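A.B. asks: If you want the building blocks of each chain, they are given just below.
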Amino acid sequence: MLFKNDAKARAQHQAVRENAGWYRWTHDLVKVTGKDSTAFLDWLFVNTVGKAAVGRSKYTTMLNEDGKIIDDTIVMHMGEDTWWVSTLYAPQFIKWADAHKGSYDVAYEDITKQMDMYSVQGPNAGKVLNALLAQPVDELKRFQVADNKIGGIAVQIHRSGFTGENGYEIYCAIADTAAVEAAIREAAAKFDAPELTILEVYVRSLPVEKGFALRQDMYLLTPFECGLDWSVHFDKDFVGKDALLKAKEEGPKYKLVGLEYLAESYEDIAQREIVYSYGVPCGFVRAAIYGYTVDKNIGFAVIDAKHAVIGEKVTVGQNDSPAVITEKSWL
Amino acid sequence: MPLNDKLPSYKGVETVWGKLIPEKEAYEYAVRQIAAFCANLFQVMRILEPDYEKRTSAICEISYMMNMSASGEEYMNEFFDEWNIPEFCKKDAWLGAIFGDSGDEYEDMAGRVIQFTHDRVEKELDTCPWDIVGSELCNMTTAMFTANFDLSSPNGENEVCLNMCEARGCGDRHCRVVAERRDVYGQPKQGWMDHMQQPAAPIHDTPRERGVRDGQIIRNDRYSNAFGEEKSFEWAYRWCMEKGWVWCVAFPIIAIRDMAESEEEFERIFKIVFSTAGKNAFIEPFAVEGLRSWLGVPHEIGKNDPRLMGGYIKAVLDTQLVPCELERFTKDEVVIKVDTETFNGRFPMAPIDELTTGYETLWHNMVKTMVSTEWSCWFEGKDDEYMYIHVGRKIDKRMI
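Protein chains in written order, with our numbering: chain A, 1 to 331; chain B, 1 to 400.
Keep in mind that the hints were calculated from the coordinates and are not lab data. There could be a bad hint or two in this list.
[To be verified] Okay, derived cross-link-like pairs now, DSSO-like style, lysine-lysine, Cα gap no bigger than 27 Å in a straight line:
| hint | chain 1 | residue 1 | chain 2 | residue 2 |
| --- | --- | --- | --- | --- |
| 1 | B | Lys337 | B | Lys19 |
| 2 | A | Lys68 | B | Lys231 |
| 3 | B | Lys231 | A | Lys95 |
| 4 | A | Lys253 | B | Lys231 |
| 5 | A | Lys31 | A | Lys236 |
| 6 | B | Lys11 | B | Lys382 |
| 7 | B | Lys231 | B | Lys11 |
| 8 | B | Lys243 | B | Lys382 |
| 9 | A | Lys101 | A | Lys58 |
If you're wondering where the values come from, they're calculated on a predicted model, not measured in any experiment.
Hey, can you work out the whole structure from these sequences and the hints?
C.D. replies: Have a look at this one:
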């Protein structure tokens, strides 16, 4: 939990918003190879990842046969017939890939334990990277991934992140992680960019303010219920397409919305706390956190579509904590 | 709109007289029953070992050892997989907290993780069904979590300072466990009696109005951890009826037995404590009235009828998820058949034979005040596949 008066959390949060901050956060990573790798990934994902050229990446969700989200990932095109899938659920992804491999000429491997990833985020992240890397990152576009070097160590730089600020992810071999971390620490210090040590700052407080949800927030909703219409490409086949088409016709049953908690703090609200409209259950909480830029207790909730009205007052949990339904982005 | 075809179905325990105990009430009741058994056991301990520090250290030591041996690397890795705990989580600093938080919620200890960082974890509870047991148990839980932390320590050293700086068992409004990395916070290595100190960094005290009455599995039908993984109420109920017995009864009883000079002495004191608890359970006449209402006992079942005790035992076993069958249920006798291994081995890897002795003694004395002194309760076939719990008339000139 994060609280308004937590000076350390506030400082780490604001460093990313106003300057830069860095942290180690190795997502699970699955390497997918083979001549059918592109077609296979396009079968698994709703977005057309095949449109990403080598050196580019795409965000996409993955659905079950019912058209419901079971994962959301960044898919990076690392080379001809070589992809990296960045997920928080590699073991589950592998099982799902096994179930849908069919006759695709494809191989996949969980390389999480072989790779490490550091993230540098914030308006001055580029300056930190330029002080760190052999080649400047000025020309690197959003969702572009490129080889680079830290000293003599080979790294991949992905311009991306989960804070809503300009940011970069640095991938390195696990054997090089200590040297890479030391180099990042040294470069970041030159710009007074701190290491973020509070998980909830970089996984929840920063992303939620910008409307960035985790897979767990969207789990078993449709992309339409999460406002991810733009990522669904019905002009190709993918797992769950028929069910999703039907769901689109019928309209959303639920909506992932923002929730602003109006009490001073939210200690009584867990991740599945029940949301009530005039005393009647109408949904459940998915996230509750303090946002230090907006200076509010905010979060996400899954609400019955008919009750998901922006501005609608609701209560949450056993203590009838007052809250209001909002858009799911505050900045 | 046409009428509904039938009433909706809900889960619950049906008493012998058809009264329905909703599943959440059944679960809460069963959890408190485990805590009550534990409270009796700890009275045995206090008689056997009058020195507070000696007995507390002894149960801390045994629970630490048992948790170390029960929760090996493979077990903990499976735990990581089960909860989808990301690779970046530092096992040495955080595992105990993740483990402890889920266990709390399965056992209806309602609260929250206040802080969860690389270097510090703070967990706060508003309720604890075990708050009647006493502070030795509060101490003991810190030893169990120390094992979880130590298990994952990369250098085999205790790196975490763990303090239960508040405990409902001590009269505090909250239970509060704080784990702080020793190297970061300059904390000393702790002995068993050092775990109830104040932490190095300030705590966050949740105001009373933001407290919660029930654990997540009661109020939200499921437990959801920080990584979004969930366990259903049904799953947690089953988990608690198995493992809820292990940490608070099976582990400490090993040390408590050793406090006695002989098996006979342990058993003598054990029976005296459980007898007293049984006799006192229904000494108040309104307690019997409350029981009758809870079980839905009809007026035809009079004050001197063994079926009241039989119906009670059946409800206790049903809420504890112990399969059992009524063999006799008349105004002259009640017989309940139960699988002996299941009765004692709720968690099969850690059977507790004292459950038979404890409940037989408890119920034999309980029936004296719940019904009348004409009635007794005894178990037959304790060494057989099935055990038969009898409520019947018995005369014993040396009855205690």
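A.B. asks: Confirm or reject each hint.
C.D. replies: Each hint tested on the structure:
1. B:Lys337 x B:Lys19: Within the cut-off at roughly 21 Å; holds.
2. A:Lys68 x B:Lys231: With Cα atoms ~20 Å apart, Lys68 of chain A and Lys231 of chain B stay inside 27 Å; holds.
3. B:Lys231 x A:Lys95: holds (21 Å)
4. A:Lys253 x B:Lys231: holds (24 Å)
5. A:Lys31 x A:Lys236: Measuring from Cα to Cα gives roughly 23 Å; hence the hint holds.
6. B:Lys11 x B:Lys382: Violated. Lys11 of chain B to Lys382 of chain B sits at ~32 Å, over the 27 Å cutoff.
7. B:Lys231 x B:Lys11: holds (18 Å)
8. B:Lys243 x B:Lys382: Measuring from Cα to Cα gives roughly 23 Å; hence the hint holds.
9. A:Lys101 x A:Lys58: holds (21 Å)
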